[in-house]
Amino acid sequence: MENNLSVYNTLSRKKETFEPLSPPHVGMYVCGPTVYGDPHLGHARPAITFDLVFRWLQHLGYKVRYVRNITDVGHLENDADEGEDKIAKKARLEELEPMEVVQYYTNSYHEAMRLLNVLPPSIEPHASGHIIEQMSMIRKILDSGYAYTSGGSVYFDVEKYNNDHPYGILSGRKVEELLATTRELEGQHEKKNPFDFALWKKASPEHIMRWPSEWSDGFPGWHMECSAMGTRYLGDHFDIHGGGMDLLFPHHESEIAQSVAANGQMPVKYWMHNNMITINGQKMGKSLGNAVSLAEFFSGQHPLLEQAYSPMTIRFFMLQAHYRSTLDFSNEALQAAEKGLQRLMAAKETLRQLAPSHVSSFEAFNLKEWKDKCHEAMNDDFNSPVLIAHLFEAVKLINSIKDGKSMIDQENLEILKDAFFTFVDDILGLRAEEVASAGQESLTGKLIETLIGLRQEAKLNKDYAAADQIRNKLAAIGVILKDTKDGTEFFIE
RNA sequence: GGUCUCGUGGCCGAGUGGCUAGGCAGAGGUCUGCAAAACCUCGUACAGCGGUUCGAUUCCGCUCGAGACCUCCA
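Just so we're aligned: the first sequence equals residues 0 to 492 in numbering that gives the first Met the number 0.
If you're looking for bench data, these hints aren't it; they were derived computationally from the structure.
A hint or two may mislead.
Stated by the list, open to error - Dumping the calculated BS3-like pairs for lysine-lysine here, alpha-carbon to alpha-carbon at most 30 Å: (1) Lys472 - Lys404; (2) Lys14 - Lys404; (3) Lys367 - Lys416; (4) Lys13 - Lys416; (5) Lys458 - Lys481; (6) Lys282 - Lys338; (7) Lys395 - Lys416; (8) Lys282 - Lys268; (9) Lys370 - Lys62; (10) Lys191 - Lys159; (11) Lys268 - Lys14; (12) Lys416 - Lys461; (13) Lys62 - Lys416.
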């Protein structure tokens, strides 16, 4: 297995050659959604980013165990004493059981992922199902001396940890600076230092989601779940940990501290972070009120949207930018992506039907080199936009062969088909849209075929007025006709 | 305020110390009854000001501008 994969590691701020800890196995953990709201465009970015990573690693022959969690407990509303978690709050508002809320939004997340053609992870653990693992990890941290109890809660002792290990190794922060910049919040009196974070929180009386523990009836702090579940399924030291850049600090920084304190070693070899989606240049976020849900994108029902955008358009739009760049949303950009995707998918269909000639007529375009360039693009820190640029070079070639302006022999056609289908379908995960096609056999299909036949007759009689009338009237009800050299095709908008 | 990132042609978006990214839009052409599609040709972009260099969009400094994190967030 030849391997020239380089991965940008946030820990070193450099691209590094990817060398798994125990090949051919790769362990990858990615922070999943907090299921207390409809999945929005922001959720799609990390899901698609690490789907691409997952697919490429598998393509290279690695046996990947991909763990992506469901956060269904433990995220505090804020870091103060009220300690109300998001799931519980939502449950109270809607008068539902917390787990009913969790199930509802987990389902809608899964449905959105399915539509976006995001492969399911190998394991999708729930935080609420791993309270025991979290408690035992807290116990280990207490035993190692890097945590203290206070008022029924357990806090991580950042200052003490920082004397022995660098706190800030991932995010580049310094404890002294944190001290200067941390805000004075209410209810900090339980902590030794304001930057200490909770490992276990004692639940207030109105708090619904709670578990008994040796410290109090309460719930785990919001960095614990990823540390505990990552360790549980991937071990004390695994290959890749991914997530959004916004999680870099304090979430991932604290995960490192927790793992080092509990297990005595750095938990992760490669930290990968996808960048944010912006909307009008501003970060898209639920709290900013500018988050557009994926369902709204698919239906077009949102004031910011000029039209509906299909799941594959969204996916292609994201893959056209590198995962470490911010990506600015706009109708214009999405419409451009939609058209580009249509051209790519049309070429795929054309390629499927292409017949070989005895010779190839293109010297300048070496298909083996082209295939290698596609491969190199992905090996260069998963550079999907460069891969897509290469694929469009092939689109031109495919179309010119179809038009009879170029010829391709059997051997080259095999190379082209194999590589094009592999990269478009398997790596980028772009598939034909799920459209309710009329089909040749349905009554609708037969009716349209009949009208096409009538129009054909009109054309033969040079009655173009009648021919155009049929085409225009069909277009008015969403049936688009396209004349090709092999006859008339139709598709339904 | 602290830490950090970014500023590329009409829009989106790669990349590089000297050699065409790509997509969308636009202009011209070929093809077609027309339309659509497709193909060909076309834009010499890299915030500003200095510096390093034979040469910088790419390295360094400053200025301006935008954004992220420091607080729940993918």
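Restraint status (C-alpha distance of Lys395 to Lys416 at most 30 Å): 14 Å, holds
Given hint Lys404 paired with Lys472 - CA-CA distance at most 30 Å: 35 Å, violated
Agreement of Lys458 and Lys481 with the hint, judged by alpha carbon distance not exceeding 30 Å: Judged against 30 Å, a Cα distance of about 14 Å means the pair holds.
Under the criterion that the straight-line Cα-Cα distance not exceed 30 Å, is the pair Lys62, Lys416 satisfied? With Cα atoms ~26 Å apart, Lys62 and Lys416 stay inside 30 Å; holds.
Pairwise hint evaluation, Lys159 against Lys191, where the allowed Cα distance is 30 Å at most: 10 Å, holds
Hint consistency between Lys282 and Lys268 [alpha-carbon to alpha-carbon, up to 30 Å]: Roughly 29 Å between the alpha carbons, so the hint for Lys282 and Lys268 holds.
Please verify whether Lys367 and Lys416 have alpha carbons no more than 30 Å apart. OK: Lys367 and Lys416 at ~12 Å, within 30 Å.
So if I understand the rule, the pair passes when the alpha-carbon distance is 30 Å or less; does Lys282 with Lys338 pass? Holds: Lys282 and Lys338 sit about 26 Å apart, inside 30 Å.
Checking one constraint from the list: CA of Lys13 to CA of Lys416, max 30 Å. Satisfied? Violated, at roughly 35 Å.
Agreement of Lys268 and Lys14 with the hint, judged by alpha carbon distance not exceeding 30 Å: Given pair Lys268, Lys14 holds - Cα atoms ~13 Å apart, limit 30 Å.
Given the hint that Lys14 pairs with Lys404, test it: the Cα-Cα distance must not exceed 30 Å. 42 Å, violated
Restraint check for Lys370 with Lys62, where alpha carbons must lie at most 30 Å apart: Given pair Lys370, Lys62 holds - Cα atoms ~23 Å apart, limit 30 Å.
In summary, the numbered hints that this structure violates are 1, 2, 4 and 12.
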